[in-house]
Amino acid sequence: MSLPRSLSPLGRAMATPLGGLAGGWLILVILAAVLAPVLTPYDYDIQNLPQSFRAPDAEHWLGTDEFGRDLLTRILFGARTSLSVAVTSILISVAAGMILGALAGYLGGRFDRIVTTLVDLTWSFPEILVALILVAIIGPGATGTMVAIAVAYLAQFTRLTRAQVMAIRAETYVEAARSLGASDAHILIRHLIPNALAPVLVTAMLSTGDAIILEATLGFFGLGAQPPVPSWGSMMSSGSALLFKAPWIIIFPGLAVAAAVIAINVFGGALIAALDVRSRPREG
Amino acid sequence: MLLSVEDLSVHIGVINPLSDLSFGVDRGQILGLVGESGSGKSLTAMAVMGLLPLIGGRISAGRILFDGTDLAKLPEAALRGYRGRRIALVTQNPMTALDPVVRVGRQVDVMGRMHLGLSADEARRRTIELLTRLRIPEAQAVCEAYPHQLSGGMKQRIVIAIALAGEPDLIVADEPTTALDVTVQAQIIHLLGELVRDRGLGMLLITHDMGVVAQVCDQVAVLYAGRLAESRPAEALFEHPLHPYTSALIGCIPRDGMAPGSLHGIAGAVPSVARYPAGCRFHPRCPRAGEICARQTPELTELTGAGRLACHFPLEGTHG
Chain A
11 MSLPRSLSPL GRAMATPLGG LAGGWLILVI LAAVLAPVLT PYDYDIQNLP
61 QSFRAPDAEH WLGTDEFGRD LLTRILFGAR TSLSVAVTSI LISVAAGMIL
111 GALAGYLGGR FDRIVTTLVD LTWSFPEILV ALILVAIIGP GATGTMVAIA
161 VAYLAQFTRL TRAQVMAIRA ETYVEAARSL GASDAHILIR HLIPNALAPV
211 LVTAMLSTGD AIILEATLGF FGLGAQPPVP SWGSMMSSGS ALLFKAPWII
261 IFPGLAVAAA VIAINVFGGA LIAALDVRSR PREG
Chain U
7 MLLSVEDLSV HIGVINPLSD LSFGVDRGQI LGLVGESGSG KSLTAMAVMG
57 LLPLIGGRIS AGRILFDGTD LAKLPEAALR GYRGRRIALV TQNPMTALDP
107 VVRVGRQVDV MGRMHLGLSA DEARRRTIEL LTRLRIPEAQ AVCEAYPHQL
157 SGGMKQRIVI AIALAGEPDL IVADEPTTAL DVTVQAQIIH LLGELVRDRG
207 LGMLLITHDM GVVAQVCDQV AVLYAGRLAE SRPAEALFEH PLHPYTSALI
257 GCIPRDGMAP GSLHGIAGAV PSVARYPAGC RFHPRCPRAG EICARQTPEL
307 TELTGAGRLA CHFPLEGTHG
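For the record, the sequence lines run as chains A and U.
Using the numbering used here, the letters of the first sequence correspond one by one to residues 11 to 294.
Using the numbering used here, the letters of the second sequence correspond one by one to residues 7 to 326.
Errors might be hidden in some of the hints.
[Unchecked claim] If you anchor each label on the Cβ, the simulated ranges turn out as follows:
id, chain 1, residue 1, chain 2, residue 2, range
1, A, I40, U, Q146, 36 to 42 Å
2, U, R203, A, P204, 33 to 39 Å
3, U, P59, A, P204, 23 to 29 Å
4, U, D127, A, P204, 21 to 27 Å
5, U, P290, A, L128, 51 to 57 Å
6, A, W133, U, P283, 47 to 53 Å
Quick caveat, the hints were computed from the structure, so don't treat them as lab data.
All residues carry an ideal CB built from backbone N, CA and C; glycine is no exception.
Isolated chain A (complex conformation):
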C-alpha cells in the first residue's frame, strides 16, 4: 500500500476502506450532535401530547415518544450528552492513568506498590460496579457519571502505561540516553512516554466505545443526565416499558449506541495499524 507519508496516523487510518467508513460515521455523528439545534425544527424538551406515539413517517423520521417529542431530535441532543461524557471521562482517565502508570513503572519501589495495590483493587470489580458505587457517592448527573466512568477505566490505563514503561525502561536507547547525561525527567518525557503512547491511545479509542455503553447503562438506571436532558441510555430506559406499544422508542437510541460503538471499534483497529511508525513506507 503506498500512501503519501505526509498523512498523520489519523489520516492514514481514514485512508483504509473500513477505517474511512467508520471514521466517516463518527464525524457525521459528531457534526450532527454539534449542529443539532440547526438541523431539527423540533425541541427536545417541549411536550406535545397529541403527537405522542407516532410511528416513523415523513414528518417525524424516527417517530415520537410518549410525550410527543421528536425522537430524531432527542437522539441528536442525546448524542451531545453521551459522546461528551464518554470522551471527557476517557480523556481524564488516560491523562491520570498515564501519569500514575509512568511514574509507578519508572520509579518502582514503594510508590509503585501503593499505586499497583490501589489499581488492582478497582480492577478486581466490574467497571459497572465501580461506576455505580461512585455515582451513588457523588450523586447522579453528567458530572457524577463522568467521574465515575473515568475512575472505572483508570486501572487499565495505569496498568498498561506501567507495563509499557517497565519494558521500555530496559531498552538500550534508554540506557544510552542515561549514559549520555539525560535526566530522569528527560528520559520519562522524551523516550518513555512517546514510546508507550501508541498502545495507550488505541486502548483509549476502544475504551471510548465501552464508555458510551457504560454511560448508556448508567442512564438506563436513571443515574446519568437528568430529565429533560436526553441521553441515549435514559431514552432506552423510558422505551423499555413501551417495547410492544412503540418499539421505535427503544430501538433507535439502541441503534445509535450500537452504531457509534461499532464505528469506534473499527476505527480503533485501523488506528492500530496506522500508529506503528515501523509500518510507514520507507523514504527515498
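Given the coordinates of chain A, work out where chain U should sit on it, guided by the hints.
Just chain U, lined up with the frame of chain A:
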C-alpha cells in the same frame, strides 16, 4: 593521562567480577580492552561511566582518574555533568541504541542543546555538519528519517554522531562494530580511528575481536575472567605476545592464505564469576600451565619496556 584507571575492583553484591584492573588512555590514543564474553569488559565501561548502580554494582576499590578527578568518588548528580559532555558512550548494538519513535536528527540535536546550550537551529546545523563529517550522504534528509529506515552501518554512524555531539574528551566504545557486517565494520573502525587522531580525543575501545584491535589500537589491555592478563603497546603485543592467553587470542584471527582447518579456537570457556578457579584463572585452559599456576595467582608485574603482565610462565621467558 586523560583517563587513568588504577587497581579498579567491582562488586555486585558479594561477587567480585572484576579486580585489580589498571590501564590508561591518553588524548589522541585508542586503548583496546580485549577479552571473551564474561571477562568483565562491559562492566569496565559501566564503571567508567558511573552506571554500575543500574545493575546493582559498585566500585569496591581503586580509582578512576579522569582529567585529574576521581570519578569513583563523585555522587550521581556530579557524574551526570560528565556523561555525554566529557565522556560519551557508543553502545553495543546500533539496532536498539536509537529511540524508534524519534527522528534521528532530533536524537543528535538534543545532545548539543542539552550539553552545549545551543538553540534548535544551531544544534541542527551542527548535526548536519557532524553527519557529513561521518560521511553520511544527504545528511539533511537522513535527519528526518526514523531509525528503522536506515541501514545498520548508517545507524552506528548516528550513534557515533550522538556521542560526538556533546564534544566529549573521551569516548567509551563498547563493541561498536559487533552487530555490523564485516565490510561495514572496517569503515566504522577506521572512521573512529580518524576521529580520535583529528580531534585529539581519547578512546576506550571494548571488543572481543583481536582483528579490530590490530587495526586501530595504540595500547592493548587483555582481560581474562575479571583480571588483567597483559597490557602493552599494540605493536609489541602483536609481534611478541607474552601471555599464553594473548597468544591464543591472536591465533583466533583469520589470516590471508590460511590452510583450511588451521584456524584455532581456545578450548573451553571463560569460567563464570561464581566458579573462578584458584591461582591463575586461565590455568585450566592454558597449554603452558605448571603446578604453581593452580596454587598461586600470578602477580601483575611492570615490564621493563612498557606494560604489565600477570603470568608465571610467559612466552619467550623474558620480562621485557
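How the hints compare with the structure:
no.	hint	verdict
1	A:I40 to U:Q146: 36 to 42 Å	holds, 40 Å
2	U:R203 to A:P204: 33 to 39 Å	holds, 38 Å
3	U:P59 to A:P204: 23 to 29 Å	holds, 26 Å
4	U:D127 to A:P204: 21 to 27 Å	holds, 23 Å
5	U:P290 to A:L128: 51 to 57 Å	holds, 55 Å
6	A:W133 to U:P283: 47 to 53 Å	holds, 52 Å
In summary, this structure violates none of the numbered hints.
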